[in-house]
Amino acid sequence: GAGVSQTPSNKVTEKGKYVELRCDPISGHTALYWYRQSLGQGPEFLIYFQGTGAADDSGLPNDRFFAVRPEGSVSTLKIQRTERGDSAVYLCASSPSLNTGELFFGEGSRLTVL
Amino acid sequence: AQKVTQAQTEISVVEKEDVTLDCVYETRDTTYYLFWYKQPPSGELVFLIRRNSFDEQNEISGRYSWNFQKSTSSFNFTITASQVVDSAVYFCALSDDSGNTPLVFGKGTRLSVIA
Chain A
418 GAGVSQTPSN KVTEKGKYVE LRCDPISGHT ALYWYRQSLG QGPEFLIYFQ
468 GTGAADDSGL PNDRFFAVRP EGSVSTLKIQ RTERGDSAVY LCASSPSLNT
518 GELFFGEGSR LTVL
Chain B
20 AQKVTQAQTE ISVVEKEDVT LDCVYETRDT TYYLFWYKQP PSGELVFLIR
70 RNSFDEQNEI SGRYSWNFQK STSSFNFTIT ASQVVDSAVY FCALSDDSGN
120 TPLVFGKGTR LSVIA
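Just so you know, the sequences run in chain order A and B. Going by the working numbering, the first sequence wraps up at 531, each residue one higher than the last. Going by the working numbering, the second sequence wraps up at 134, each residue one higher than the last.
The following block holds chain B by itself, in its conformation from the complex:
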């Protein structure tokens, strides 16, 4: 069975601080995909990134970066120089690559960035 654990329920940081959101996953599949989604107060989940299990290179997109470590089954998300607009709930998710299973989400981490 697939499982995603986001141990941090809530995080509060002051604007311009860096923050890392942790994600640990469990799967028996050898090939799988990992995702991060953002849910702002409006409620609509927004896709941020998808990572194939074969690609362990870290990825950077502006102030966002992702660290995928297969050895520890982790896919952590770092926001550099956080801004108030980053305040949201962030979800990590997992799926296999068969095309036959939907995403399994973690419980989310609520990030509050204080001005």
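The following block holds chain A by itself, in its conformation from the complex:
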């Protein structure tokens, strides 16, 4: 499809395991964002990319979280040594350029850490 694609849609893992979440943005969109949404809350910013570089990673909660976008398209959010508090929906969004504000979101990856 033409929209933002996120995989997996659901991931259940055990505490301490490593997890990768993938985001395939809309073709041609240079800006890519990762947000985290906990139950009953608004999306919380994690990191965003302009091209291949992380323009702002100030929202990453700690060094267990890391994200890459090696070719300026697909991005992977990586979480090491998962904790129960990491359980949330991880949302990816893309935009034709920085700060147009019209972000195009994927349906999210729901992560459950047991």
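Check before you lean on any hint, since a few could be wrong.
Stated by the list, open to error - One side of the interface only, derived from the structure: several residues of chain A facing chain B at Cβ under 8 angstroms:
1. 458
2. 462
3. 465
4. 519
5. 523
Hints were generated in silico from the structure; no laboratory data involved. We put the CB at the ideal spot given by N, CA and C, even for glycine.
Once you have looked at the hints, place chain B on chain A.
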């Protein structure tokens, strides 16, 4: 620091009623953008509107209208003649216009429209 407050956690209305969702924001920037997004049960946030801080004109799009009041730092959203398909969580969001900061979202208002 930027902050968005949506005081209404949940609202329930009967179909065809009008409903207003409140949004109050805080920012030290003189230029900024305000947004509304809709999150239906499928989970995918959908962009509804962007408003520049210099433009205080109200906007209407079909059954949707937005009232931006800089004096009260509010950007309220009204749905006229609500329909069941309007049931969703609605988020207000804020960004500056520097191009260097991402959107800051409120906690959202869950709207339920009952037939």
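Report holds or violated for the interface hint on residue 523 (chain A), using the least CB-CB distance to chain B and a cut-off of 8 angstroms. Nearest chain B Cβ about 7 angstroms off; hint holds.
Does the closest beta carbon of chain B sit nearer than 8 angstroms to the beta carbon of residue 458 (chain A)? holds, 6 angstroms
Against chain B, with CB atoms and a cut of 8 angstroms, does the hint on residue 519 (chain A) hold up? At about 5 angstroms, which falls below the 8 angstroms cut-off, the nearest Cβ of chain B leaves the hint on residue 519 (chain A) intact, so it holds.
Could you check if residue 462 (chain A) really has its C-beta closer than 8 angstroms to a C-beta on chain B? This hint holds: residue 462 (chain A) lies near chain B, its Cβ roughly 5 angstroms from the closest one there, short of 8 angstroms.
Given hint residue 465 (chain A) near chain B, where the shortest CB pair must fall under 8 angstroms: For residue 465 (chain A), the interface hint holds, since the closest Cβ of chain B sits about 5 angstroms away, which is under 8 angstroms.
Violated hints for the displayed structure: none, as all numbered hints are satisfied.
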